[in-house]
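Trainee: Spelled out, the chains give:
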Amino acid sequence: MANALRIAAVDRLGLSLGLTPGLTLADARARIPHLVAADMDRAADAALLARLADWCDRYTPLVAVEEPDGLVLDITGCAHFFAGEENLRRAVMEGLARSGLTVRGSVAGTPQAAGALARFGRKTLGRHDIVPPGEEEMAVRPLPAAALGVSPEVLLALTRAGLKTVGDLADRPSAPLAARFGADLPARLARILGREDVGISPRRPLPPCLVERRFAEPVAREEDIVAALAGLARRAGGILAERGEGGRRFEAAFFRADGRVTRLAVATGRPTRDAAVVMRLFRERLAALADPLDPGFGFDLLRLAVTVCEPLGESQTSLDGRTVEDEEVAALVDRLGARFGPAAVLRPAFVDTHIPERAVRMVPAASLDDSTTPACGWSAGRLDDPPARPVHLFDPPQPIEALAEVPDGPPLRFRWRRVLHEITRAEGPERIAPEWWRDEAGEEPTRDYYRVEDTAGRRFWVFRRGLFGEAPAPRWFLHGVFA
Amino acid sequence: MSAVQETLQALRRSIAAIEPAATEAGQRFTCGAPAVDELLGGGFLRAAVHEIFAREAADAGAAAGFTAGLAARAAADGRRVIWVRQGFCVAETGALHAPGLAALGLDPRLLVVVTGPDAACVLQAGAEALRCPALGAVVIEPWGDPRSLDLTASRRLALAAEQSGVPALLLRIAAMPRPSAAATRWSVAAAPSRPLLANTPGHPAFDITLLRHRSGLESRRWRLEWHREHRLFHEPPPLPRPVVPLPAGRPASPGITRLARTG
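Protein chains in written order, with this note's numbering: chain A, 1 to 483; chain B, 1001 to 1263.
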């Protein structure tokens, strides 16, 4: 029955009726004709888990997701905010149960021990909710070998060898175990027994600086929220000042009372710890939101994380006051970036290539650092010649119909956008060969560029792609417009 | 008689008090051509909006070049220039090409290009940039005649420019002049250049028309050329010979040449 529909998960009522995961749906329907079944939706499950993980962020910044149904919270140093591990655990469990979920949870010294106890603990020896430090081994020994989370083949082999519980394995030397069941097994064993702690891989890295504010009652007015955020920005600024640092990226997390979490991030071009600057960026960001921050029944927790920090000394003003001006422009660039997105505020960066469309790379203007661009890069030829490059460049080049002298004369007239241009003056060709080290197939033809001027005095940059007498036949393109 | 003159003086003083104090030389930037600068009273006002229209949509390159030249003149002291463009302009007229701007004398290292999805965003970003007094110039380039660019919007820009003292160059491609708060309004078209050796295209040449001036100057027309080395506009000597369009259907040069239609 390889292709049969099987039950992936059952609720409490189904369990009490004797249904178990793995049973075929036809069998289950035969037993219980009025069974209600829904298709499994892994994406929706993952989304729900991610939302729950967001909600758990309020207890600790370190939350990891264990697909498909587990969450691991690193509560090191967090428990005393909630009056002890027992109260913290109860708060999490009750919060999750309120949203209609069946939850099991336990607290232990390593994430693997806690996970094994939560998944397998209750069945064998009753409640093992909180394991005191150092007693992980005692707690996990009675658990079945399946708690190690090994593959079904290894589990079958262990069962055949008579090693049914974690305790059976814990007594044996690890070298033969590794030789027989794979090197993975002793490592898993050490983690579950609390002998080794590798920590968790949190969904979000721990920010260098984190401040938060909890409200006794959910807050819904936008002015109050912004004022509270400003208070957090000042606190973060104080912490950064003590360290001699400034933030480059700030992330505000708004925890709604019903569990939804909204995050907004702003970035600055230079490190800052000025609360007014940060708040101005956040206001721009809030104003630019397509759907405004929906407070619902209000936010009960506000958190501000400085996710990127850099050293920031006391600023020194140069004699001509240019530093102050640069700061002002950098602040303006940050504001424009916060409102229109960093991808909309760019500056040209020099690229050392002859290919015109690659000669410029637009980089985010937030890094307004002149030192990275070589000064000589932009100088273009002799100053008593006319400009050799156009002010407007089309990418990709625009195809035109041209009439030209063979083999390599400039066009006499060309038609672009349905308008015929008669050429009176022309200069060229300027031959630009493709970069062979990029063009692997060797199919990119050589281009001959001409500067041409039409009867109305408009100057264009046109090129012929390919040479006469070669296949494919050459084609003409308009690449740019001169001033 | 003297009573009349006193009244006149008093009126002038009260007008000067109402008008923003921007008559000193440092409050203007010149374009380089004496005829133009003298007519404007010493150059372009810094704390004001200058509208630059491309005479036809095909003159977008010339209008952009003229604007870049003015921006380079206004930001000659090494301040930064912010160029706000509507995203549609890139598709229609091509992207701003930094080497070309560098060739005109506008240092790309001082340039910040902001792209807005629609005209309202472009005007908003332009107004925001204009409030920053540390800039050399702000170029605002919406496409066509957007509804959002009405008299109120242009007054807002003019007010922002007045307070910060940063010139706003409103570049208008495919647009018709309408009432606005601009101090000057120009129409720019490409002009035939003075050919160099072997009849090659010469330096950028512009055919500019002063359409409107706030103090009611008459419409005037000049032919200007951009001087790369000195980074200024100047009036070139008249063309050595009249520009005659090539007759269609005949080769450019006498003699037998083979022509091929391609593309």
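Derived by calculation from the structure, the hints in this document are not laboratory data. All residues carry an ideal CB built from backbone N, CA and C; glycine is no exception. A hint or two may mislead.
[As the list claims (entries may be wrong)] Below, a sample of chain A positions facing chain B; criterion: calculated Cβ distance under 8 Å:
(1) G105
(2) G109
(3) P342
(4) R458
[Said to hold, decoys possible] What follows is a set of in silico ranges between Cβ atoms, one per label pair, in the way DEER data are often shown:
(5) A:P434 x B:P1133: 54 to 60 Å
(6) B:G1216 x A:A220: 53 to 59 Å
(7) A:D274 x B:A1057: 58 to 64 Å
(8) A:R418 x B:P1034: 56 to 62 Å
(9) A:Q398 x B:L1039: 56 to 62 Å
(10) B:P1034 x A:D384: 17 to 23 Å
Trainee: For each hint given before, does the structure comply? Return the numbers of the non-compliant ones in rising order.
Mentor: 1, 2, 3, 5, 7, 8 and 9
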